[in-house]
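Could you build all of it, start to finish, from the sequences and the hints given here?
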Amino acid sequence: EAGVAQSPRYKIIEKRQSVAFWCNPISGHATLYWYQQILGQGPKLLIQFQNNGVVDDSQLPKDRFSAERLKGVDSTLKIQPAKLEDSAVYLCASSPPRSALNTEAFFGQGTRLTVV
Amino acid sequence: AQSVTQLGSHVSVSEGALVLLRCNYSSSVPPYLFWYVQYPNQGLQLLLKYTSAATLVKGINGFEAEFKKSETSFHLTKPSAHMSDAAEYFCAVSEWGGSEKLVFGKGTKLTVNP
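Same order as they appear, the protein sequences are chains A and B. Just add 281 to wherever you are in the first sequence, counting from 1, and you've got this note's numbering. Just add 8 to wherever you are in the second sequence, counting from 1, and you've got this note's numbering.
In short, the hints are calculated from the structure, not lab data.
Calculated Cβ distances over 12 Å to all of chain A for the following chain B residues:
(1) Glu-23
(2) Gly-70
(3) Glu-79
(4) Met-91
(5) Ser-92
Pulled a few chain A residues facing chain B out of the computed Cβ check, cut under 7 Å:
(6) Thr-312
(7) Phe-388
(8) Gln-390
Dumping the calculated DSS-like pairs for lysine-lysine here, alpha-carbon to alpha-carbon at most 30 Å:
(9) A:Lys-325 <-> B:Lys-114
(10) A:Lys-325 <-> B:Lys-66
(11) A:Lys-325 <-> B:Lys-76
(12) A:Lys-292 <-> B:Lys-114
(13) B:Lys-66 <-> B:Lys-76
(14) A:Lys-296 <-> A:Lys-364
(15) A:Lys-359 <-> B:Lys-114
(16) A:Lys-296 <-> A:Lys-343
(17) B:Lys-117 <-> A:Lys-364
(18) B:Lys-114 <-> B:Lys-57
(19) A:Lys-325 <-> B:Lys-77
(20) A:Lys-364 <-> B:Lys-114
(21) A:Lys-296 <-> B:Lys-114
(22) B:Lys-77 <-> B:Lys-66
(23) B:Lys-66 <-> B:Lys-114
(24) A:Lys-325 <-> B:Lys-57
(25) A:Lys-325 <-> A:Lys-343
(26) B:Lys-114 <-> A:Lys-343
(27) A:Lys-325 <-> A:Lys-296
(28) B:Lys-117 <-> A:Lys-292
(29) B:Lys-117 <-> A:Lys-325
All residues carry an ideal CB built from backbone N, CA and C; glycine is no exception.
Pasting the structure below:
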């Protein structure tokens with residue numbers, strides 16, 4: 282079974298520029314998450330999709346961050362304009378419908394963003 | 009609101025010694041609890057999970073964790089550390105029957121000395 286795919290793996294941009302990250306979840310997984318992991322901290326949820334609808338975006342800085350999940354499969358996360366404090370690893374994860382057996386999220390390798 | 013506290017941002021053990029990584033959680037509803045491991049420049053890999061079945065949970069690579077409701081703890085242990093265990097470990101909680109999102113602790117970096 283293929284895992285969660287993310288691209289690019291690394292990105293360096295200047296502040297005030299824009300950037301986009303792409304995620305392809307595991308086939309059949311209805312739920313998709315974007316997490317932000319700042320150096321030295323645990324991942325923090327930015328946005329959660331159920332199919333192509335947003336379940337939770339309470340911690341997404343909506344003035345500069347946006348995300349979409351067209352057709353309920355792939356997703357993109359965009360930052361415009363980027364700030365220095367956006368430097369972090371952006372992790373995408375997906376999970377199947379929750380049941381007694383399926384309770385875990387599967388993570389991609391992440392995109393490391395450096396804003397200079 | 010749920011939260012996770014991991015005591016000790018860095019833990020250092022000798023190869024062959026006991027590994028103990030501490031995790032305490034706060035949740036107003038029965039929790040699901042997880043331990044993930046992260047190797048450098050990699051994503052998160054699930055070590056084990058508690059989902060209201062057995063309180064002692066065995067995971068991959070010889071790790072196990074015990075859910076103690078009275079102590080709101082879910083500490084991770086391994087009897088004998090191996091050099092390959094050096095990584096960062098994250099404890100996470102999600103709500104049983106609620107949102108599937110994970111709330112993570114700040115992580116514990118494990119160093120294994122030869």
